[in-house]
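> The primary structure of each chain is shown beneath.
2 protein chains.
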Amino acid sequence: MTDYQQIKAELEGIAIEDNPAMVLRKSRDFYWYSPILKAQLEHVTGDLIVSPENEDELIKVLKVAFKHDAPVTARGGGTGNYGQSMPLSGGIVLDMTKMNRIKLIEPGRVIAEPGIICAELDRQTKAHSGQELRFHPSTTGQATLGGFIAGGSGGVGSVHWGGLRDLGNVLRLRIVTLEAEPRVMELTSLDLLKVSHAYGTNGIITEVEMPLAPAYEWVDVIVGHDSFMDAVRFSDHLASSTGILTKEIAPIAAPVPYNYFTRLKPFLEEGESISVVMVAPHSIEPFKALVEVHGGTIRYRSDTAENTKGVPRAYELGWNHTTLRAMKMEPDNFTYLQVQYPSPGHVAKVQEMCAIFGDEVIGHLEFLRFDGAIQCSGLPLVRYTTPERLEEIIRIHEENGCPVFNPHRYTLEEGGMKQTDERQLEFKKETDPKGLLNPGKMIAWDDPEFDFKAGKNYLFKGITAVTGE
Amino acid sequence: MTDYQQIKAELEGIAIEDNPAMVLRKSRDFYWYSPILKAQLEHVTGDLIVSPENEDELIKVLKVAFKHDAPVTARGGGTGNYGQSMPLSGGIVLDMTKMNRIKLIEPGRVIAEPGIICAELDRQTKAHSGQELRFHPSTTGQATLGGFIAGGSGGVGSVHWGGLRDLGNVLRLRIVTLEAEPRVMELTSLDLLKVSHAYGTNGIITEVEMPLAPAYEWVDVIVGHDSFMDAVRFSDHLASSTGILTKEIAPIAAPVPYNYFTRLKPFLEEGESISVVMVAPHSIEPFKALVEVHGGTIRYRSDTAENTKGVPRAYELGWNHTTLRAMKMEPDNFTYLQVQYPSPGHVAKVQEMCAIFGDEVIGHLEFLRFDGAIQCSGLPLVRYTTPERLEEIIRIHEENGCPVFNPHRYTLEEGGMKQTDERQLEFKKETDPKGLLNPGKMIAWDDPEFDFKAGKNYLFKGITAVTGE
Chain A
1 MTDYQQIKAE
11 LEGIAIEDNP
21 AMVLRKSRDF
31 YWYSPILKAQ
41 LEHVTGDLIV
51 SPENEDELIK
61 VLKVAFKHDA
71 PVTARGGGTG
81 NYGQSMPLSG
91 GIVLDMTKMN
101 RIKLIEPGRV
111 IAEPGIICAE
121 LDRQTKAHSG
131 QELRFHPSTT
141 GQATLGGFIA
151 GGSGGVGSVH
161 WGGLRDLGNV
171 LRLRIVTLEA
181 EPRVMELTSL
191 DLLKVSHAYG
201 TNGIITEVEM
211 PLAPAYEWVD
221 VIVGHDSFMD
231 AVRFSDHLAS
241 STGILTKEIA
251 PIAAPVPYNY
261 FTRLKPFLEE
271 GESISVVMVA
281 PHSIEPFKAL
291 VEVHGGTIRY
301 RSDTAENTKG
311 VPRAYELGWN
321 HTTLRAMKME
331 PDNFTYLQVQ
341 YPSPGHVAKV
351 QEMCAIFGDE
361 VIGHLEFLRF
371 DGAIQCSGLP
381 LVRYTTPERL
391 EEIIRIHEEN
401 GCPVFNPHRY
411 TLEEGGMKQT
421 DERQLEFKKE
431 TDPKGLLNPG
441 KMIAWDDPEF
451 DFKAGKNYLF
461 KGITAVTGE
Chain B
470 MTDYQQIKAE
480 LEGIAIEDNP
490 AMVLRKSRDF
500 YWYSPILKAQ
510 LEHVTGDLIV
520 SPENEDELIK
530 VLKVAFKHDA
540 PVTARGGGTG
550 NYGQSMPLSG
560 GIVLDMTKMN
570 RIKLIEPGRV
580 IAEPGIICAE
590 LDRQTKAHSG
600 QELRFHPSTT
610 GQATLGGFIA
620 GGSGGVGSVH
630 WGGLRDLGNV
640 LRLRIVTLEA
650 EPRVMELTSL
660 DLLKVSHAYG
670 TNGIITEVEM
680 PLAPAYEWVD
690 VIVGHDSFMD
700 AVRFSDHLAS
710 STGILTKEIA
720 PIAAPVPYNY
730 FTRLKPFLEE
740 GESISVVMVA
750 PHSIEPFKAL
760 VEVHGGTIRY
770 RSDTAENTKG
780 VPRAYELGWN
790 HTTLRAMKME
800 PDNFTYLQVQ
810 YPSPGHVAKV
820 QEMCAIFGDE
830 VIGHLEFLRF
840 DGAIQCSGLP
850 LVRYTTPERL
860 EEIIRIHEEN
870 GCPVFNPHRY
880 TLEEGGMKQT
890 DERQLEFKKE
900 TDPKGLLNPG
910 KMIAWDDPEF
920 DFKAGKNYLF
930 KGITAVTGE
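Protein sequences appear in the order of chains A and B.
Residue numbers for the first sequence follow our numbering, so the first one is 1 and each next one is one higher.
Residue numbers for the second sequence follow our numbering, so the first one is 470 and each next one is one higher.
If we strip away everything but chain A, and leave its shape as in the complex, we get:
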């Protein structure tokens, strides 16, 4: 049995919290979007929250954890949706939010500590030199930069720049290993994939170098359309119009906007589907021309609305904020999927899925660049009935050529890769020989014999140990 009192003593001088209510709160994310994960993970909690202020303190924490065989699960803002930073085996919840300094800002580039909140980073780089991150999660006000890289894939701005997986969208990561004598390593270019989107299973990020884009006074616009497919075709045309600079393009089907976007209701029309868009000020005129060509109606513009008080920013309507707004109003009725509609036939694929599922799966797309091509990812809302029906909905998508990145699984492999990322597994052997970093998230490490084709979900023994189930 790991002696957490002893660990606490050995880490004297470093901020530690062990109040169980506080630890439970900091052991959670937005896993409850999924009824499956909600049942599986609701008892998960860590033993201690440790909050290092700098790399030296962090190294000390990792050294002590190694000595006592204590699991270490790094955590940023806790805005993940699949338990990315939930400590399945308990142990140390490594709160990274105190490592939040910016070290350098140059044209096109920022170097920062991983615990900085994305919106705060944007605030500072904008004030410094009119720059901002190329893209950020819709939770930019809560999410940390390191958490975004370790647990995210893309976001607001991906319609222009692609995702975190694309070479050049992360420039450098500095990480610390979990060993008797933790080592510091610097990763660039292709090596970054060893650590990006690995949920902190193979090293703790201590410094991040990111490219920056020019910061504009983005105008939030909501366009109303008669049908969801009108919104999709408009959005596809807009995303393909490279002369019109946008940061976000998300078509969302009725009745979601009118029913669940409470603060926007005065601007919206019942029954309309919408496109949520962020447009650069100097692209507003050509944007309006495109709206007109498609017969859409501009329902809201943040730069001309008489009263924007209380109206959320456009990015807080898209991505998983769409899901959040529906679930807030009807918590038991909704869950969601993450679907890829491969280009160039993406618009037709969306239409096919709409025809199959009707109102059971309500359309919400995010347009983005994928390997250079315009396509769309879906975060459709699903009217939830049973786990079996949810599995069936996923299966039907996949049988029709629309891969699903399953947000109802907490492992890296089941979440979308479907097969182990060998680079990440090899790298884990180097950086975490005892397997103490975020245990239970990489199946290949815990259970190399696991058969992905057997149709069973992986259930980490750490969970049952903690929850007693």
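A portion of the hints provided could be inaccurate.
Stated by the list, open to error - Computed list of lysine to any residue pairs in SDA-like fashion (alpha-carbon distance at most 20 Å, straight line):
{"id": "1", "chain 1": "B", "residue 1": "Lys757", "chain 2": "A", "residue 2": "Thr188"}
{"id": "2", "chain 1": "B", "residue 1": "Lys595", "chain 2": "A", "residue 2": "Ile105"}
{"id": "3", "chain 1": "B", "residue 1": "Lys567", "chain 2": "B", "residue 2": "Ala484"}
{"id": "4", "chain 1": "B", "residue 1": "Lys757", "chain 2": "A", "residue 2": "Gly372"}
Calculated from the structure, these hints are not laboratory results.
Model the placement of chain B on the given structure of chain A, informed by the hints.
Below, chain B alone, put in the same frame as chain A:
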């Protein structure tokens, strides 16, 4: 007979030049790239060069021209390649280069007079706020902004932003009509297509509003490859890598680089094909990783080369500068084509054309975004033998699904549209009722019965009148 002495008298106070040698020089562009146009246009000359300094002076010129039925052909830097600004019927050559002021620079936007040289505009916007044009012609040091819009289509930066035809890449044009009382009109969004790429046939541009992009210290890089197709595949992958910020991607086949890029010879390897690239400084590391993945070799980098004296900038190796460099060395042996290889099969189409023509048509591509998708345009060098063989080469391209924008024709229609742009024709009726603006360039105006399918080239009677042929 138009009385140019009378016109000169009526325009007193406005700069006029009528020295025949000077007028001949300012009546020409790079039409001699084409052996066909060289023969047709070499005797073309205007009667007067008039250089207004502002819109008021310009209006006076147009009023006088209307009164005397004098043709008016607007001219910027004279860097066109198809006689765009050559006065086929003589008359007034309207030199716009004195209208070259910048009126406003804001984040993402500039308002300028049309006669400003593109590079000078970039110099001023960069000094003001670290901004520059989204894209410019390779002749940025000589070409004017207005000339680029009236006679160009895209350029260095189109790999990121698309072309001039794309909504949002030109924001507003102010034009003056040629009537008894010239009117001033403002055009935005879809209306811009009435005037863009119309060779000044339907209004004279007096003010331009353009979007700006961030100016970076672009690094010029030359990558060496074993074969042209290696260069093409690398370039395609690079253009599709949206996380790596580039401004120019041009694969050029051996033996062009080693034989004709004289100043770069010390850096190049004989027999290698190359990719000419401009990369943002913060994208250099991921760019290098991609070069390695493709087995390329970086032969030159402007940021690390020990001696860059006399080495041209990357943009002066691409677009029509490639053609120029080969023709300078072997003036009688080369001409060129403008070919479109439609995506997504563009790489395979390039390979097919290479297989058909071998060394007779030497590959040179420019990657760009077209309706949002990555594709490539070709500006291949052609080893010139006869006009008949040139026509045959064009025909074979078109029969194989690669449309040719024929640079051996001086009319708007034959240059690529193949059919009259009805919007431009209608607009000409409003703006130039006497048909005095750049006569002979819009077939639909001069000869509405012309049969494009008859297999004959249009020969403007104005030319034969001037040349006496």
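> Each of the hints needs a verdict: does it hold here or not?
We went through each hint and held it up to the structure:
1. Of the pairs offered as hints, the one joining lysine 757 of chain B and threonine 188 of chain A holds, with about 11 Å between alpha carbons and a cut-off of 20 Å not exceeded.
2. Restraint check for lysine 595 of chain B and isoleucine 105 of chain A: satisfied, since their Cα atoms lie roughly 19 Å apart, inside the 20 Å limit.
3. Only pairs whose Cα atoms come within 20 Å are accepted, and lysine 567 of chain B paired with alanine 484 of chain B is accepted, the gap being roughly 10 Å.
4. Note on lysine 757 of chain B and glycine 372 of chain A: the hinted pairing holds, with a Cα-Cα distance of about 18 Å set against a maximum of 20 Å.
The structure is consistent with each of the numbered hints, conforming to all of them.
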